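Asker: Could you build the full structure based on these sequences and the hints that come with them?
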Amino acid sequence: MKETSFEVNVHHITRVEGHGNINVDVKNGVVEKCEWSIPEAPRFFEAMVVGRSWNELHHITSRICGICSIGHTLASLKATESAMGIAISEQDLKLRKLALHAENLQSHILHLGFLVLPDLMGVGSVIPLASTNLPEVKIVLQLHRTANEMSNLLCGRTTHPQRLIPGGFSKIPSMNELAAIRKKLQDSIPNIQAVAQLIQSLAGKLPNFTRETEFISLSHPSEYALYDGKLLSSDTGEAPVKEYLSYTNEYVIPQSTAKWAKHKRDSYMVGALARLNNNYKKLSPMAQKTAEMFNLQPMCHNPFMNSIAQLVEVVDSVEDSIGIINELEAAGLKSQPDYNKPDIKVKAGSGVGAVEVPRGILFHDYTYNDRGVCTKANCIIPTNQNHGNIQLDMKAILPQIVNKPQKEIELTLEMLVRAYDPCISCSTHVVKVNLT
Amino acid sequence: MKPKVAFFDFAGCEGDQLQVANLEEDLLTLLGQVEVVTFREVMKEQSENYDIAFVEGSCTRLQDEDRLKQIRKNAKLVVAIGSCATIGGINSLRNYKDLDGVKKTVYGENAKLFDSYAARAIDAVIPVDAYVHGCPIDREDFLHVVKSLLQGKKPETPTYPVCVECKKNENVCAFERGQYCVGTVTRAGCNSCCVNEGTICWGCRGLIDNPNENSEKEVLIKYGQTVDSAIDKFRLYFGWQEAKR
Numbered sequence: 001m002k003e004t005s006f007e008v009n010v011h012h013i014t015r016v017e018g019h020g021n022i023n024v025d026v027k028n029g030v031v032e033k034c035e036w037s038i039p040e041a042p043r044f045f046e047a048m049v050v051g052r053s054w055n056e057l058h059h060i061t062s063r064i065c066g067i068c069s070i071g072h073t074l075a076s077l078k079a080t081e082s083a084m085g086i087a088i089s090e091q092d093l094k095l096r097k098l099a100l101h102a103e104n105l106q107s108h109i110l111h112l113g114f115l116v117l118p119d120l121m122g123v124g125s126v127i128p129l130a131s132t133n134l135p136e137v138k139i140v141l142q143l144h145r146t147a148n149e150m151s152n153l154l155c156g157r158t159t160h161p162q163r164l165i166p167g168g169f170s171k172i173p174s175m176n177e178l179a180a181i182r183k184k185l186q187d188s189i190p191n192i193q194a195v196a197q198l199i200q201s202l203a204g205k206l207p208n209f210t211r212e213t214e215f216i217s218l219s220h221p222s223e224y225a226l227y228d229g230k231l232l233s234s235d236t237g238e239a240p241v242k243e244y245l246s247y248t249n250e251y252v253i254p255q256s257t258a259k260w261a262k263h264k265r266d267s268y269m270v271g272a273l274a275r276l277n278n279n280y281k282k283l284s285p286m287a288q289k290t291a292e293m294f295n296l297q298p299m300c301h302n303p304f305m306n307s308i309a310q311l312v313e314v315v316d317s318v319e320d321s322i323g324i325i326n327e328l329e330a331a332g333l334k335s336q337p338d339y340n341k342p343d344i345k346v347k348a349g350s351g352v353g354a355v356e357v358p359r360g361i362l363f364h365d366y367t368y369n370d371r372g373v374c375t376k377a378n379c380i381i382p383t384n385q386n387h388g389n390i391q392l393d394m395k396a397i398l399p400q401i402v403n404k405p406q407k408e409i410e411l412t413l414e415m416l417v418r419a420y421d422p423c424i425s426c427s428t429h430v431v432k433v434n435l436t
Numbered sequence: 001m002k003p004k005v006a007f008f009d010f011a012g013c014e015g016d017q018l019q020v021a022n023l024e025e026d027l028l029t030l031l032g033q034v035e036v037v038t039f040r041e042v043m044k045e046q047s048e049n050y051d052i053a054f055v056e057g058s059c060t061r062l063q064d065e066d067r068l069k070q071i072r073k074n075a076k077l078v079v080a081i082g083s084c085a086t087i088g089g090i091n092s093l094r095n096y097k098d099l100d101g102v103k104k105t106v107y108g109e110n111a112k113l114f115d116s117y118a119a120r121a122i123d124a125v126i127p128v129d130a131y132v133h134g135c136p137i138d139r140e141d142f143l144h145v146v147k148s149l150l151q152g153k154k155p156e157t158p159t160y161p162v163c164v165e166c167k168k169n170e171n172v173c174a175f176e177r178g179q180y181c182v183g184t185v186t187r188a189g190c191n192s193c194c195v196n197e198g199t200i201c202w203g204c205r206g207l208i209d210n211p212n213e214n215s216e217k218e219v220l221i222k223y224g225q226t227v228d229s230a231i232d233k234f235r236l237y238f239g240w241q242e243a244k245r
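Residue numbers (the numbering used here), protein chains in the order written: chain A, 1 to 436; chain B, 1 to 245.
Think of the hints as simulated: they come from the structure by calculation, not from any bench.
Treat the hints with care, since some could be wrong.
If we take Cβ atoms under 8 Å as the criterion, some of the chain B residues that face chain A in the derived model are [what the hints assert, rightly or not]:
id, residue
1, G15
2, N22
3, L28
4, L30
5, K44
6, I90
7, R94
8, V102
9, K168
10, N169
11, E170
12, F175
13, R177
14, C194
15, E197
16, L236
With a straight-line cut-off of 30 Å between C-alpha atoms, the simulated DSBU-like cross-links for lysine-lysine are [to be verified]:
id, chain 1, residue 1, chain 2, residue 2
17, A, K376, A, K395
18, A, K171, B, K168
19, B, K167, A, K407
What you are looking at is a predicted structure, and each value in this text was computed from that prediction instead of being measured.
Here a beta-carbon is modelled for each residue, glycine too, at the ideal position from N, C-alpha and C.
Answerer: Quick look at the structure:
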């Protein structure tokens, strides 16, 4: 075997949300360094919300991430509502589930179309594809637009929701508006199938790599768990959400820059692939058919398949959303007052909110005093839970590709990171350590 | 030759760059007018040769100042996009806290490993030529600013408060509904989008240039609100601007 020496230093990897670096050093065929590190500027949200009022926390923590702002808002509202014993109506629950589907669609389509597809088609971004593959790009844009319109309808915004408030909604869509979005979702199905076929024709470019790991997600007896459920580990089974800290076990490692998480093994994975592995049977029929196109069945331990799992979830979100709108229609959509402000009795307490957001399970945990002022907050975001798994995947894949051309090694490592769809500006607590 | 544009991000949520990606079909039109040479969130290629730099996020540490100064040097025009960049935004909440305490709250004994200072707007570090306000920015507003700059004009920004737009939209005033709203002193241009959705104005577009402090006091008295509640709400987005005043 040829003894190779090279360095790979990808500073601020592109087509991911936030800043991450890949540093690899190979001498005479031996991997001397292989590091995934995070130089993102820390933002201290957990300290920023201390002293702020219960009716502002969802507004502030939404700003943790522009891409998953609906998920952060919902996890925040669930934590506040759990702390104060606030119940929401069955109708509001359905509308919130639609809001979450809208975000998953928006984020997954952006990731697949703008961030992953260019790698599979051998270009640097979606921009050249606009001249070489205009029909496909237009389909992606159209799907993305539908998801954004759906966010707009449920949240009053595509990013940083307004209508979602403690106890329910300040404003809800009309049945006509919901029916119009249902029509668009129905019309989008052939387009999604076209995208699925395009990705299927390119799926051979996804590296065939496996490393066994643990998958953690929410789980629900009667639905593909996104808004609600218990914690489920593929290694240890179910647990109540309030025990999340014994799952996440965040820790600092000196040679890297982010707080990482581990449970049963040295690392675990969250996100679409974790959800699919843990809850495959709850996926909609069409979503399962899409998974079959790619031979994606549980347990799949190839992280590159996370992008395919996202595609499967796109189909599931479309089908489930249509079903929810049908249910709302059958039950008759109840109107609510303009500028609705649910009647809430402020009280002291602690609560945890867990929601599955595009990149995996998200936890918000707040403590309030008797005036409803936040005294303590903890937010654990999906990407931080995945950092350890990214690092170990990188270490495992590098020896397998070490004799390939350097460009190819670099691309494979970047594709690996991108497969996790990391959302680094989300990182509420990233540790900056001097790297030498 | 098409002007070259670049996007950069500092401490923020990247939600403003997302609005650019969210332009969808309009993005294709825009790409006919400009050449995007750096946009880390969506493209691999990068270049230091650009005419217009769009900067998102606040400056929160010394090491970011060098990067900002380099961007200023490379670009003919620098445009701040989104509240974190234009006014310091929600990041400034921490400026009211003892920074060592903040670091300890979040990072425990590893706090000393950080370098971080009070969050600030981009124009606290480098001169800025134009602003796209809001959290997040409005897509139409962004296009308006880009069009103006491409035509060599300085984009107009309203100098009146959100209240003006809100009244035009015939919303029931948040104060009348028993809530505190900062639309009285916040720069307009959003078409009172949050109040239209049934909530309040939070102040994301920043203080207007000359807020009418006397009339603000009258509003407080009329609706039985306290100065403390006003200061508390002002801190949500105006922290850096207030400190500057």
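Asker: For every hint, state whether the structure bears it out.
Answerer: A quick look at each hint next to the structure:
1. Of the supplied interface hints, the one on G15/B holds, with its beta-carbon coming within about 2 Å of a beta-carbon of chain A, less than 8 Å.
2. For N22/B, the interface hint holds, since its Cβ comes within 8 Å of a Cβ in chain A; the closest pair sits about 6 Å apart.
3. For L28/B, the suggested interface contact is upheld, since its CB lies about 6 Å from the closest CB of chain A, less than 8 Å.
4. A cut of 8 Å between beta carbons decides the hint on L30/B: the least distance to chain A is about 11 Å, and the hint is violated.
5. At a threshold of 8 Å, the smallest CB-CB gap from K44/B to chain A is about 4 Å, leaving the interface hint in force.
6. Interface hint status for I90/B: upheld, as the beta-carbon distance to the closest one in chain A is roughly 5 Å, under 8 Å.
7. Contact between R94/B and chain A, as hinted, is supported at the beta carbon level, the nearest pair being about 5 Å apart and thus within 8 Å.
8. Evaluation of the V102/B hint against chain A yields a held restraint, the C-beta minimum of about 4 Å falling below 8 Å.
9. Interface restraint check: K168/B against chain A, minimum CB-CB distance 17 Å, threshold 8 Å, status violated.
10. Because the closest C-beta pair between N169/B and chain A is about 12 Å apart, greater than 8 Å, the hint is violated.
11. For E170/B, the interface hint is violated, since its Cβ never comes within 8 Å of a Cβ in chain A; the closest pair sits about 11 Å apart.
12. Contact between F175/B and chain A, as hinted, is not supported at the beta carbon level, the nearest pair being about 12 Å apart and thus beyond 8 Å.
13. The closest approach between the C-beta of R177/B and any C-beta of chain A is roughly 6 Å, which is under the 8 Å cut-off, so the hint is satisfied.
14. Taken as an interface hint, C194/B checks out: its beta carbon lies about 5 Å from the nearest beta carbon of chain A, inside 8 Å.
15. Because the closest C-beta pair between E197/B and chain A is about 3 Å apart, less than 8 Å, the hint holds.
16. Nearest Cβ of chain A to the Cβ of L236/B: about 7 Å, under the 8 Å cut. The hint holds.
17. Straight-line distance between C-alpha atoms of K376/A and K395/A comes to about 37 Å, which puts the hinted pair past the 30 Å bound.
18. Note on K171/A and K168/B: the hinted pairing holds, with a Cα-Cα distance of about 19 Å set against a maximum of 30 Å.
19. A threshold of 30 Å between alpha carbons decides the hint, and for K167/B with K407/A the separation of about 59 Å lies outside it, so the pair is violated.
When each numbered hint is compared with the structure, violations occur for hints 4, 9, 10, 11, 12, 17 and 19.
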